[in-house]
Amino acid sequence: QQQVKQSPQSLIVQKGGISIINCAYENTAFDYFPWYQQFPGKGPALLIAIRPDVSEKKEGRFTISFNKSAKQFSLHIMDSQPGDSATYFCAASSHSGGYQKVTFGTGTKLQVIP
Amino acid sequence: GAVVSQHPSRVICKSGTSVKIECRSLDFQATTMFWYRQFPKQSLMLMATSNEGSKATYEQGVEKDKFLINHASLTLSTLTVTSAHPEDSSFYICSAPKATRGEKLFFGSGTQLSVL
Numbered sequence: 000q001q002q003v004k005q006s007p008q009s010l011i012v013q014k015g016g017i018s019i020i021n022c023a024y025e026n027t028a029f030d031y032f033p034w035y036q037q038f039p040g041k042g043p044a045l046l047i048a049i050r051p052d053v054s055e056k057k058e059g060r061f062t063i064s065f066n067k068s069a070k071q072f073s074l075h076i077m078d079s080q081p082g083d084s085a086t087y088f089c090a091a092s093s094h095s096g097g098y099q100k101v102t103f104g105t106g107t108k109l110q111v112i113p
Numbered sequence: 483g484a485v486v487s488q489h490p491s492r493v494i495c496k497s498g499t500s501v502k503i504e505c506r507s508l509d510f511q512a513t514t515m516f517w518y519r520q521f522p523k524q525s526l527m528l529m530a531t532s533n534e535g536s537k538a539t540y541e542q543g544v545e546k547d548k549f550l551i552n553h554a555s556l557t558l559s560t561l562t563v564t565s566a567h568p569e570d571s572s573f574y575i576c577s578a579p580k581a582t583r584g585e586k587l588f589f590g591s592g593t594q595l596s597v598l
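Line by line, the protein sequences are chains A and B.
Residue 36 in the numbering used here sits at position 37 of the first sequence, with consecutive numbering throughout.
Residue 536 in the numbering used here sits at position 54 of the second sequence, with consecutive numbering throughout.
Simulated from the structure, these hints should not be mistaken for laboratory data.
Built from N, CA and C at the ideal position, the CB exists for glycine as well.
Check each hint, because a few of them may be wrong.
With beta-carbon atoms standing in for the labels, derived distance ranges [stated by the list, open to error]:
| hint | chain 1 | residue 1 | chain 2 | residue 2 | range |
| --- | --- | --- | --- | --- | --- |
| 1 | A | 8 | B | 552 | 32 to 40 Å |
| 2 | B | 495 | A | 78 | 40 to 48 Å |
| 3 | A | 15 | B | 546 | 46 to 54 Å |
| 4 | A | 2 | B | 598 | 33 to 41 Å |
With the hints as constraints, model all of the structure from the sequences given.
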C-alpha cells in the first residue's frame with residue numbers, strides 16, 4: 000500500500016520557470032511533511048518541511064503548500080535553476096514505537112533546462 | 483547541519499561474500515538509525531531500524547539473517563549483507579535523527595553495492 004503518492008514522475012522545466020510537485024497521503028496520523036532533494040549517487044538531503052497546522056511555508060525559492068482537508072501537499076520551486084535538477088521526494092512521518100517513522104513518496108525527477 | 487558519514491560509497495563483490503557498510507553520526511549521538519534500500523529510479527524503502535544497545539527492528543519482508551544490523555555505539559551502526567547475491571545489488575542508505583524522537587533525518591551519502 001502506497002501511503003504517500005507523488006506526481007509527476009518526471010518534470011522538465013525551463014530555467015526561470017516554476018516547478019510544481021504534488022503529493023497526497025492517506026494516514027491522518029502523519030504529523031510532519033518534509034521534502035528531500037537527492038542528486039545521483041548521493042543520499043537525500045532535507046530541503047524544507049511543514050507541519051499540518053500550517054497551510055504554507057516558504058524558504059527562499061522553495062514553498063510548501065499544505066491542504067489538510069484534502070490530505071495533499073505540494074512543493075513549488077520558483078525561478079527554477081539548472082542546479083535544481085535532481086530527484087525530489089516528498090515524505091510524511093508520524094511517531095511510532097518511540098521514534099519518527101518516515102514514509103517516502105515515489106520521487107520526481109526534475110530537469111531544469113537552460 | 484548534522485553530518486552522517488557512510489562508508490564505503492561503492493563496493494563490488496563476488497557472489498557469496500559478505501559486505502559490511504558503516505554509518506556514523508559525526509557530530510551527534512544517534513540512539514536510532516535507519517537503513518534503506520533504493521533501486522534505480524525508485525523510492526527509498528525502509529529495511530530496518532537500528533537501536534543502540536538492542537536488537538534492530540526489521541520491516542516486513544526483510545530477512546534479518548540476510549541483513550545483519552549492529553548498533554554497538556551511539557555513533558555507529560553497521561549493516562552486513564551476508565552471502566550476497568546479484569539480486570542484493572542496490573543503493574543502501576542510512577539515516578539518523580539528531581534526537582531520538584527527532585523529525586529531521588540526516589542521511590549518509592549511500593553505498594552502491596554491486597554483486598557479481
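Comparing the hints with the structure gives:
Range check, residue 8 of chain A to residue 552 of chain B: about 36 Å between beta-carbon atoms, so the 32 to 40 Å window is met. Between residue 495 of chain B and residue 78 of chain A the CB atoms are about 44 Å apart, so this pair conforms to the stated range of 40 to 48 Å. Separated by about 50 Å at the C-beta atoms, residue 15 of chain A and residue 546 of chain B satisfy the suggested range of 46 to 54 Å. Separation of residue 2 of chain A from residue 598 of chain B is about 35 Å and conforms to the stated range, judged on CB atoms against 33 to 41 Å.
Consistency note: the structure conflicts with none of the earlier hints.
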